[in-house]
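Q: Below, each chain spelled out in residue letters.
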Amino acid sequence: MKKFINNVDDFLKESLSGFGKAHSDIIKVNFEPNFISRKTKTKEGKVSLISGGGSGHEPMHGGFVGHGMLDAACPGFVFSAPTPDQMQAAAEHVDSGAGVLFIVKNYSGDIMNFQMGAEMYSGKNDSIITNDDVAVEDSTFTTGRRGVAATVLVEKIVGSLAENGGSLEECKKLGEKVNKNSGTMGVAFSSCTVPAAGKPTFDIGNDEMEFGVGIHGEPGRKREKIQPSKKIVNNMLEAILDDLKLQKNEKTLLFINGMGGTPLTELYLVYDDACEILKSKGIEITRSLVGNYCTSLEMQGASVTLLKCDEEILKNWDAPVHTAAMRWGM
Amino acid sequence: MITETKGYMSVSFLISQAKNIQIVIDENAAEIEALDQNIGDGDHIFNVQRGLKLVVELENDIKNLPLQKSLNMIAMKVLSGIGGSSGALFGTFFMSMAKTPDLDRNIDFNKACEMVIKGINAMKERGKADVGEKTMMDVLIPVSEKLNELKSSNVDMKEGLSEIIKIAEDRMLSTKDMLATKGRASFLGERAKGHIDPGARSSQLIIDTICKSLINK
Chain A
316 MKKFINNVDD FLKESLSGFG KAHSDIIKVN FEPNFISRKT KTKEGKVSLI SGGGSGHEPM
376 HGGFVGHGML DAACPGFVFS APTPDQMQAA AEHVDSGAGV LFIVKNYSGD IMNFQMGAEM
436 YSGKNDSIIT NDDVAVEDST FTTGRRGVAA TVLVEKIVGS LAENGGSLEE CKKLGEKVNK
496 NSGTMGVAFS SCTVPAAGKP TFDIGNDEME FGVGIHGEPG RKREKIQPSK KIVNNMLEAI
556 LDDLKLQKNE KTLLFINGMG GTPLTELYLV YDDACEILKS KGIEITRSLV GNYCTSLEMQ
616 GASVTLLKCD EEILKNWDAP VHTAAMRWGM
Chain B
4 MITETKGYMS VSFLISQAKN IQIVIDENAA EIEALDQNIG DGDHIFNVQR GLKLVVELEN
64 DIKNLPLQKS LNMIAMKVLS GIGGSSGALF GTFFMSMAKT PDLDRNIDFN KACEMVIKGI
124 NAMKERGKAD VGEKTMMDVL IPVSEKLNEL KSSNVDMKEG LSEIIKIAED RMLSTKDMLA
184 TKGRASFLGE RAKGHIDPGA RSSQLIIDTI CKSLINK
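Chains as they are written, first to last, in the working numbering: chain A, 316 to 645; chain B, 4 to 220.
In case anyone wonders, no lab produced these hints; they're calculated from the structure. There could be a bad hint or two in this list.
[What the hints assert, rightly or not] Partial pick of chain B residues on the chain A-facing surface, computed with a CB cut under 7 Å:
id	residue
1	44
2	45
3	49
4	71
5	82
6	83
7	86
8	87
9	90
10	124
11	125
12	128
13	129
14	187
15	190
16	191
[What the hints assert, rightly or not] Selected chain B positions facing chain A (Cβ under 8 Å, derived; list incomplete):
id	residue
17	127
18	130
19	186
20	189
C-beta atoms are modelled at their ideal positions from N, C-alpha and C, and glycine is treated no differently.
With the rest of the complex left out, here is chain A (with noise of 0.2 Å):
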C-alpha cells in the first residue's frame, strides 16, 4: 500500500483536521464525537439538513458543508458508517428549531446508524433514503438499490430550498422527487486499499472492468472486457433511461462522476460521448457537473448520473452554493 499515511490509526483524525484548516472561513471540525459544521449558527427557522457515512468519497459529504448545502456532517471511519452519537451531537449542534433532515445513502450500515441516531436525538427530524443506483435490483425484502452520487444533487437542490426557508416536510418531499427522478450506473477499472486492510478490496484484470461498482469497491452488476468509452458510456446510459422511462425532448441534468483515480481529461470525454448520445436520443441536457465528488478512494472509473429536471429542481440548482467542493452564484 502506498498512501500518505502517518499512523493507520489515526488517518481519519488526521484528514479531518487538515479538512478543517484548509476551510477554516466555511466549516469548523468537531471531534469525539466527530462531525463537521458550518462555521456560522444556522439561522432561525431554516431546516437544518445533515447528511454523512463512510469516509473514503470525499469531498462527500464534509466538502458539502455551507451555504446553500448541508449544514453538518458525521463522517464515519473509512467505508464504515458513522455513529448514531455523531448524528445525535451534530443534531443538536446544528438544529435552531426549525428540524432536521437527515439525507442517508441505502446502505444497510447506515440506515442502522442514523435510525438509532434519529431515535437519540429529541428534536423534531426526519429523514430521506437515496436509492439512485440502477445497477442493483430493487424489492422490498432486498436491501435495494444503493445511494450513490445522486446524493450530491439531493444535497444541493435540497440545500437550497432549506435555506430559503422550506419547512422540514417540504425539503423531505423535494428530497425525494429528486432522488426519484435520478438514476446512476457506474464501472471500475481499478480496485481501491482501504487503509486499515492495507490491500486492494478485491482483484481485477488489466483489461477488465466491472460494470455496476458501488461506491466502495463492492462488485457491480458484471465482470467484462474493457471497450471502447462510447461503448461503456451506452450501456451505461441504457441502464438509466431504463430506469428513468425519460421521454423525448425531457430536460435533464447529466453528472459524471469521478471516483478518484480517473483524470478530470477523462471525465470530460465520458461527458462528450453521453452528450452525443443523449442527443441521438432526443433527450436535453440542460444542466451539466463534471468531476470528483463522490469517490472511492482511489479508484478509477466513473459514474453517469442523469436527473430529470423540473422548473423547482432546475431553480434550486442554479441557487448560490458555497462549500469546500461546491461554489457558485456568491
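The hints should help you fit chain B onto chain A, whose structure is shown.
A: Frame of chain A, contents of chain B only:
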C-alpha cells in the same frame, strides 16, 4: 433446564468472555477478512476487533458497577466506537440485554438465556434481517431459538451448550450457498453464492468461544 445458581452474565463474566473472544477472533482474522473481501468490502473484521478492544479496555471503568449500568456502558462504547452495521447491531444487542428486568438479582442460567434472546430479537428488529438472508442473523436467530427451548426443558446445561455449538456451526456453513438479500453482499446477486458470510462466521466464533468456556467451567 437444570440451572446452577452461579453468577452467569456478571460483569466479570462479560469481561473475561470478551478477552477469550478477542483471542479467537484474532486467530481467525485473516480468514474473516478474506470472506468479507469476497462478498463485502473488508471492514467487518476491523470493526469486530475494534469493538472487542474497546470492551476489554472498559474493564476498570465497569468492573465494580451493577450489571445493568455496565451493559449500558458497553452498549454505548460499542455503538459509538465501531461504526458500520456491526456497531449498530452489537450496540443494540447490549442495550437490549440491559433492558431485561431484575438484573440486580443473581443471574441464573435461565435468566442469562432470557437476556441473550432479548438481545438477539432486538438485533433482528434493527437489521430487519431474518434467517436465510446470508447475514449473522442466520447464526444468531437459530441459537436464540434453541436457548428458548433449552430454557424451559430439563436438558443438562452442558449438553444444551454442545447442541448450540453445533447449530451455530451448521448455520454458519449454510450461509455459503445462500443468495444475499441484505447488506452489501446483496449487491452481488448470484456471485455471493459459494462464500460463507463473514458476519455469520464471526458470530459463530463468538458463540463457540462462550459455550466452550461454559462447558469447561
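Q: Hint by hint, note whether the structure agrees.
A: How the hints compare with the structure:
no., hint, in the structure
1, 44, "holds, 4 Å"
2, 45, "holds, 5 Å"
3, 49, "holds, 5 Å"
4, 71, "violated, 19 Å"
5, 82, "holds, 6 Å"
6, 83, "holds, 4 Å"
7, 86, "holds, 4 Å"
8, 87, "holds, 4 Å"
9, 90, "holds, 6 Å"
10, 124, "violated, 15 Å"
11, 125, "violated, 11 Å"
12, 128, "violated, 11 Å"
13, 129, "holds, 6 Å"
14, 187, "holds, 5 Å"
15, 190, "holds, 5 Å"
16, 191, "holds, 6 Å"
17, 127, "violated, 12 Å"
18, 130, "holds, 7 Å"
19, 186, "holds, 5 Å"
20, 189, "holds, 5 Å"
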